[in-house]
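Protein chains in written order, with our numbering: chain Y, -10 to 252; chain R, -10 to 279.
Zero decoy hints are in this set.
Straight-line alpha carbon distances no greater than 35 Å define the calculated DSBU-like cross-link-like pairs of lysine-lysine that follow:
(1) R:K133 with R:K56
(2) Y:K133 with R:K75
(3) Y:K243 with R:K235
(4) Y:K109 with R:K75
(5) R:K177 with R:K56
Coverage of chain R stretches by chain Y, computed from C-beta distances (three or more under 8 Å per stretch; other residues unrestricted):
(6) 55 to 61
(7) 77 to 91
(8) 110 to 122
(9) 161 to 171
(10) 270 to 279
Because the hints were derived from the structure by calculation, they are not lab data. Glycine residues also receive a C-beta, built at the ideal position from the N, C-alpha and C atoms.
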Amino acid sequence: MTFSLAELMVCAASRSFDNDGEVLATGIGLLPRLAASLAMRTTNPDMMMTDSQSYMLSSPNPVSGMTSHEGQANENWMGFARIFDNVWSGARHALVGPSQVDRFGQTNIAALGGTYEAPKVQLLGVRGFPGNSISHANSFFVPKHSTRVFVEGECDVVCSIGYNPDRLPRGYSFDDIDIRRVITDLCIMDFNGPNKQMRVISLHPGVPLSEVQENTGFELAVADTVDETPAPTDEQLAIIAELDPLNFRAKQLKDNPPGVRNA
Amino acid sequence: MNKCVSAAEAVSAIESGMTIGIGGWGPRRKPMGLVRELLRSDVKDLTVVAYGGADVGLLCAAGKVKKVIFAFVSLDFMPLEPAFRKARESGAIEVREIDEGMMLLGLRAAAWGSPFIPTRIGLGTDVVTRNADLAVVDSPYDDKEWVAMPALNLDAALIHATRADERGVCEIESPDHYMDDWFARASKTTIVSADEIVPSEHFNDPDVARRVYWERNCTTKVVHMPGGAHPSSSDPLYGYDIKHYKEYGALIGEGGFDAWSSAFLGRSEADYQAAVGGVDAIHSLPLPVY
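Pulled out of the complex, with its shape left as it was, chain Y reads as follows (with noise of 0.2 Å):
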């Protein structure tokens, strides 16, 4: 079966997940959520997963064409003064799009150029990232890998903590920051190289590592053997299908690209 590149960084994504358990998953934005939804129906069927509103769901609401939520699959009332009690018992793990990303892992999705006083573009705010960064797992999912995103310095505002012996608070190693996986168009990505440099691990078919190299403002480790990243299965396209009735995904990345180069 053909599939889309979105599809392929869905079903990649949704393998961050698999070793979790019972955690609160939470993705932010139609991919990461449809990511964090296959793996709770596929990988990680104990995984714990909200409506995006107030309720926590025992099976993920689908990401398109639902009209109410009504009769959707509650479990427990869980709005969002009490997400944070989740969020600082640390058993969450959110898979999040930022703006940019530097070296240390560390993240922005609050501000970019200009200065701190009077930014050139403000974007959201640091909203919940330096909680979430430094109370539990974080994977991030990057639509359009290239140097604007991956910078060659710092964040232009570090809102989530990352690898940076610099920042590091006193008491604070390494163990206690939980970077997982970087999801993008070109690559799978970890942190697991030399002094938690990020690491390439699996390649998107047809994508050369140079390619990855080239769009990305620092240098990267390579893991010992990179794969190529699976294709989706039936199986899991099927249940995408299934979450995402109006296709929604396809409107993602731009132009929709085929999930196989040159396919």
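Chain R: place on chain Y using the hints.
Below, chain R without anything else, positioned relative to chain Y:
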């Protein structure tokens, strides 16, 4: 005790230079009618604490704000709030940018009379480096450093509830009351706008009583404002008004606050509601689906 007053009377308690908290979240259940009343007043130099949406955007655009204490200002479906973005990029406002959870801790500290609550949140990030007055302290119990999140003591809090009685018992029937209870508890004065005013017997039903998240002695004034959260949502009564938010974004972009206010603000909530199509139109806005 009857706490019901007009919006103008309620908002007259707010003076220039005060620190105000605004309940709700982004485009959800914001006390927008009360904010509009503030826009009509001559109050200025406010410090605003909020999980911000167009409430923060409008107050900034109108030149009412000295400082914003925020984790985000966003309309969800429009991720970047247009007026806040303008204010920030022009350097017109001071900011204290903190994590969403830190704001909750700051409100709790204020509610509990604590000068601060220790937390690891913010360590290793620009929340600590950009907020020079945010103290990082030693712990008497371990060898780690901790952020001392200071109390966010509020002079006034503005909140929108689904229903209230005249004594200030407030029901939030929406799926989430967000941090509104903490805004009410952190503040000297709490002004609540409510879509409906109900007799006190309404609360006798235990299911309804469970939807009351703070006691009536935390509510100072009640303002009856059907549709008063517009253009934000007040589930289950009405959803947020995407069309109006888009129009607001376009007007702020083209002509700033004056363009929006001359088209919509009017001299009263009745003027405003007439300009946006009337209260029945507000009540027919579909509930959001996430």
